[in-house]
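Using the sequences and the hints given, assemble the complete structure.
These are the residues of each chain, in order.
Protein chains: 2
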Amino acid sequence: MKRYQALADTMAAEIRTGRLPVGARLPSVRHLTTQYGVGQSTVFRAYYLLEEWGLIRARERSGYYVAPGAKLSMPPIPPMPPTPLAEPAPIDVSSLVFSVLDAVKRPDVAPLGSAFPSPALFPLQRLAKSLAHATRMLDPWSTVTDMPPGSEPLRRQIALRYIGMGIAQPVEELIVTNGAMEALTLCLMAVTKPGDVVAIESPCFYAALQAIEHLGLRAVEIPVDPRDGLDLDVLAEALDKHPVRACWFMTNLQNPTGVTLSVEKKRALVALLAKHDVPLIEDDVYGELHFARERPPPAKAFDTQGLVMHCASLSKTLAPGYRLGWVAAGRFADAIRRLKLMTSISTSIPIQAGIADYLEHGGFDKHLRKLRGALLAQRDAMEHAIARWLPPDVAFVRPDGGYFLWLQLADHVDAMQLHRRGLEHGINVTPGPIFSARHAYGNYVRINFGHPWSPQIEHAMKTLGELLRASA
Amino acid sequence: MKRYQALADTMAAEIRTGRLPVGARLPSVRHLTTQYGVGQSTVFRAYYLLEEWGLIRARERSGYYVAPGAKLSMPPIPPMPPTPLAEPAPIDVSSLVFSVLDAVKRPDVAPLGSAFPSPALFPLQRLAKSLAHATRMLDPWSTVTDMPPGSEPLRRQIALRYIGMGIAQPVEELIVTNGAMEALTLCLMAVTKPGDVVAIESPCFYAALQAIEHLGLRAVEIPVDPRDGLDLDVLAEALDKHPVRACWFMTNLQNPTGVTLSVEKKRALVALLAKHDVPLIEDDVYGELHFARERPPPAKAFDTQGLVMHCASLSKTLAPGYRLGWVAAGRFADAIRRLKLMTSISTSIPIQAGIADYLEHGGFDKHLRKLRGALLAQRDAMEHAIARWLPPDVAFVRPDGGYFLWLQLADHVDAMQLHRRGLEHGINVTPGPIFSARHAYGNYVRINFGHPWSPQIEHAMKTLGELLRASA
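Note that the protein sequences, when read in sequence, are chains Y and U.
Take the first sequence: its letter number 437 is residue 437 in UniProt numbering, and every next letter is one higher.
Take the second sequence: its letter number 328 is residue 328 in UniProt numbering, and every next letter is one higher.
Hints should not be assumed to be uniformly reliable.
As the list claims (entries may be wrong) - With a cut-off of at most 25 Å between alpha-carbon atoms, the simulated SDA-like pairs for lysine to any residue come out as follows:
#  : chain 1 : residue 1 : chain 2 : residue 2
1  : U       : 193       : Y       : 216
2  : Y       : 193       : U       : 193
3  : U       : 275       : U       : 294
4  : Y       : 366       : Y       : 193
5  : Y       : 105       : U       : 302
6  : Y       : 129       : U       : 360
7  : Y       : 2         : Y       : 105
8  : Y       : 129       : Y       : 161
9  : Y       : 193       : U       : 139
10 : Y       : 129       : U       : 139
11 : Y       : 129       : U       : 193
12 : Y       : 370       : U       : 421
13 : Y       : 241       : Y       : 291
As the list claims (entries may be wrong) - From chain Y, some residues computed to sit far from chain U (all C-beta separations above 10 Å):
#  : residue
14 : 120
15 : 136
16 : 145
17 : 323
18 : 333
19 : 338
20 : 453
Simulated from the structure, these hints should not be mistaken for laboratory data.
All C-beta atoms in this analysis are idealised placements derived from N, C-alpha and C, irrespective of residue type, glycine included.
What follows is the structure, given as structure tokens:
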């Protein structure tokens with residue numbers, strides 16, 4: 001551990017134990033250099049780290065103070081051990097994933113393991129109105145004209161949202177799909193054949209692992225740090241060493257870590273892949289759920305080669321269960337349109353018409369602001385519950401959006417066992433190993449804060465704490 | 001050619017040339033045995049064939065008479081040449097299929113090449129009402145509970161329709177899909193892995209060929225006679241000779257031939273596959289469009305082993321563009337449910353709810369009766385147009401349902417060229433070679449009679465006749 005990290009950890013402990021209370025001014029730089037025998041830059045780097053962890057705040061011309069709520073914060077997640085570059089390998093994860101997913105439907109189980117936010121957060125009645133109106137007005141011939149690439153009015157509405165991100169997205173390259181999952185799979189099919197190597201993240205959204213397994217591909221895993229995301233050095237090495245045919249990455253609010261790549265890293269990623277002429281399948285289904293002032297741009301924003309296939313949907317932002325997604329497919333648009341026609345004929349025509357109507361008239365941006373506010377409040381409630389109920393050796397990086405927390409548990413905890421024991425107690429946590437081709441992350445779980453706070457969830461967190469303490 | 005076939009052909013020519021006019025009594029059996037030097041049974045078999053062709057009708061205790069409209073009938077399709085059992089082969093048909101399908105969207109082209117009936121034949125307003133009502137009433141949690149296998153109320157409604165066919169279909173084995181296409185692909189994925197051999201029909205629905213190509217499977221083609229369907233002897237030979245892992249057959253109103261397997265052949269097919277423990281993927285999307293008194297049963301009705309996966313949809317019978325299908329998956333239900341979850345998460349929840357509401361309250365059977373009546377009238381109009389405009393060497397077997405005619409053209413006609421020339425003249429016919437892994441059926445086309453008769457269609461048929469005569 002570097003000296004500045006050790007110093008930050010020491011000061012974090014002072015804050016968490018209450019010896020430095022909320023609002024207290026931190027000791028001066030001079031004081032700390034003397035006290036700990038370190039240089040000024042070490043002190044500053046420790047400050048920056050504490051600030052990043054949300055423990056302290058700078059006040060202009062006045063120094064650093066302990067941040068409100070800091071006492072509730074968990075220890076920061078330790079740096080991940082350096083991952084050796086794995087050989088591309090076939091994946092066998094599906095049966096594990098299914099056994100975990102099958103528990104989600106049980107209504108008696110607290111939804112900490114859910115992959116979705118609460119359906120109560122969505123404007124379902126307003127959507128129903130748009131769907132009813134659009135279906136009543138539907139031109140019978142739209143069953144033909146709205147086949148892939150999809151309804152033109154809908155694709156125009158989607159293109160407008162890209163303009164909002166500063167992207168001039170040609171309508172012709174937008175293909176409407178049955179949710180983002182279909183978009184991602186079609187992209188993968190369009191640029192690979194069985195046996196090919198695909199670069200994925202580690203930890204990785206389990207459905208990507210399943211898709212790769214299902215299509216007979218091999219995967220090389222690129223580590224994702226919960227604080228700054230994908231390791232581009234390892235990716236560069238992988239691109240040099242292996243015949244990587246495609247990358248499948250989540251650039252914003254990555255599942256499960258919640259990390260968002262900085263604009264600089266996105267630019268560098270796009271440039272690196274352009275150099276190798278490797279397509280990027282960009283999974284950006286959470287980007288709209290940011291808590292920052294501005295929506296983080298996708299890597300697609302920096303793509304000048306048509307190499308980025310930007311996949312998104314409304315399943316997590318507006319219309320769960322409608323199954324409406326799309327891909328901005330760049331140079332692969334025609335191949336993907338044909339694959340879509342071949343494998344699922346079309347996305348439901350009334351759904352396309354209803355969503356187009358909503359996007360034009362329904363007030364999507366107003367809904368999004370409300371949804372983000374709700375998720376932010378739920379994140380804070382969840383952090384409080386963690387501080388209240390979970391043992392102090394549970395660590396996480398606070399996500400700046402979405403509805404997942406990626407919890408690092410004590411080394412000895414077996415997340416698979418915790419998952420099983422949890423189900424017996426009416427809790428479903430998503431165990432780390434399903435996010436890894438090699439069943440790594442044995443002491444990690446993902447928990448969902450997408451549900452309005454309730455006594456059931458509070459109780460579930462208390463029970464989770466008891467189970468964790470019992471496993472010690 | 002057998003003697004009874006030669007005799008039938010001779011008598012058919014008498015009728016078509018008008019020497020035996022409509023309503024005329026046919027010569028007696030005794031007269032014919034003497035005139036042609038054949039046995040009584042040969043005469044009777046010739047009579048049965050003429051009756052099957054729609055040229056003559058029996059009157060009880062009075063003999064056979066030339067049927068009304070017989071003069072308009074085309075020459076019967078000659079027996080197909082015996083097909084040698086092909087070696088299983090990889091398929092490369094997709095690019096050909098796409099170039100043909102891409103023309104369907106052009107509004108200036110007469111829809112003879114369409115794969116769908118006219119959307120005007122469906123109760124779109126009544127469906128819109130059900131969709132609006134069901135979506136307004138939707139339980140937000142249905143986004144979770146209606147995930148695969150799908151909405152329980154919908155699956156109960158679907159199970160009721162099986163009861164109408166005399167099949168006690170367990171609701172648990174029904175999986176709702178995005179149309180039949182997804183159901184069929186999931187079935188194929190569930191029982192094969194790349195390189196496996198699948199038995200398919202020849203001619204074969206082109207999407208089956210595409211799915212097999214796309215999944216890296218190999219195909220062995222079993223000939224389908226337009227009069228009595230699949231050749232079970234060749235199938236038995238294929239099952240003995242090759243490691244067939246699955247069959248994909250259309251048992252009712254096969255696409256493109258329109259042939260329906262007899263109950264006896266369905267029983268024999270199920271028994272043969274049970275003997276070899278080979279699953280049947282049964283594509284039954286046209287069965288409800290029969291013109292017979294009763295819906296022809298699917299092969300599933302005779303399955304006692306759970307080996308038949310019966311796939312169907314409402315895309316051709318009720319709700320085009322809604323993308324609502326299902327599979328009655330027998331022993332493969334759980335595998336298919338998981339594959340569905342993995343590849344497309346869920347079928348659109350509002351669509352499931354809307355269709356469940358329609359099936360319960362919308363009057364589906366009444367609509368079906370009306371639809372069948374319309375298609376029957378359109379078939380007759382198409383047959384008249386063929387007789388009026390196409391050269392006399394165009395042959396077909398009259399289909400007893402659906403909305404396709406499989407036309408055998410003169411030997412010298414190149415259907416691919418006819419397709420291209422047709423597009424230049426505003427006609428789209430579906431060329432035979434896309435229905436074959438080996439690009440056979442070079443002088444066949446499929447035409448669609450699913451559209452209410454119109455001057456555009458009449459004109460298209462006239463143009464088609466001119467193109468055919470010009471190609472002579």
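Okay, the hints, checked on the actual structure:
This hinted pair checks out: residue 193 of chain U and residue 216 of chain Y have alpha carbons roughly 9 Å apart, not beyond 25 Å. Note on residue 193 of chain Y and residue 193 of chain U: the hinted pairing holds, with a Cα-Cα distance of about 14 Å set against a maximum of 25 Å. Annotation: proposed proximity of residue 275 of chain U to residue 294 of chain U is violated, straight-line Cα distance about 29 Å (limit 25 Å). This hinted pair does not check out: residue 366 of chain Y and residue 193 of chain Y have alpha carbons roughly 43 Å apart, beyond 25 Å.
For the suggested pair residue 105 of chain Y and residue 302 of chain U, the alpha carbons sit about 34 Å apart, so the restraint of at most 25 Å is broken. Only pairs whose Cα atoms come within 25 Å are accepted, and residue 129 of chain Y paired with residue 360 of chain U is accepted, the gap being roughly 22 Å. Restraint check for residue 2 of chain Y and residue 105 of chain Y: the C-alpha separation of about 45 Å exceeds 25 Å, so the hint is violated. For the suggested pair residue 129 of chain Y and residue 161 of chain Y, the alpha carbons sit about 22 Å apart, so the restraint of at most 25 Å is met.
Restraint check: the Cα-Cα separation between residue 193 of chain Y and residue 139 of chain U comes to about 41 Å, which exceeds 25 Å; the hinted pair is violated. Between residue 129 of chain Y and residue 139 of chain U the CA atoms are separated by roughly 15 Å; this keeps the pair inside 25 Å, and the hint holds. For the hint linking residue 129 of chain Y to residue 193 of chain U, the alpha-carbon distance of about 44 Å lies beyond 25 Å, and the restraint is violated. At most 25 Å may separate the alpha-carbon atoms for a hinted pair to count; residue 370 of chain Y and residue 421 of chain U exceed this at roughly 57 Å.
Taking the CA atoms of residue 241 of chain Y and residue 291 of chain Y, the gap is near 38 Å; set against the 25 Å cutoff, the hint is violated. Listed as a non-interface residue, residue 120 of chain Y fails to keep its Cβ farther than 10 Å from every Cβ of chain U; the least gap is roughly 6 Å. A Cβ of chain U approaches the Cβ of residue 136 of chain Y within 10 Å, the least distance being about 5 Å, so the stated non-interface status is violated. A Cβ of chain U approaches the Cβ of residue 145 of chain Y within 10 Å, the least distance being about 7 Å, so the stated non-interface status is violated.
At roughly 5 Å, the least C-beta separation between residue 323 of chain Y and chain U is not larger than 10 Å, which violates its mark as non-interface. Remark: the non-interface label on residue 333 of chain Y is consistent with the geometry, its nearest Cβ contact in chain U lying 14 Å away (cut-off 10 Å). Its closest Cβ contact with chain U, about 5 Å, brings residue 338 of chain Y to no more than 10 Å, contrary to its assignment away from the interface. For residue 453 of chain Y, the non-interface assignment is confirmed: its Cβ lies about 17 Å from the closest Cβ of chain U, beyond the 10 Å cut-off.
Violated hints, in rising order: 3, 4, 5, 7, 9, 11, 12, 13, 14, 15, 16, 17, 19; the structure is consistent with all others.
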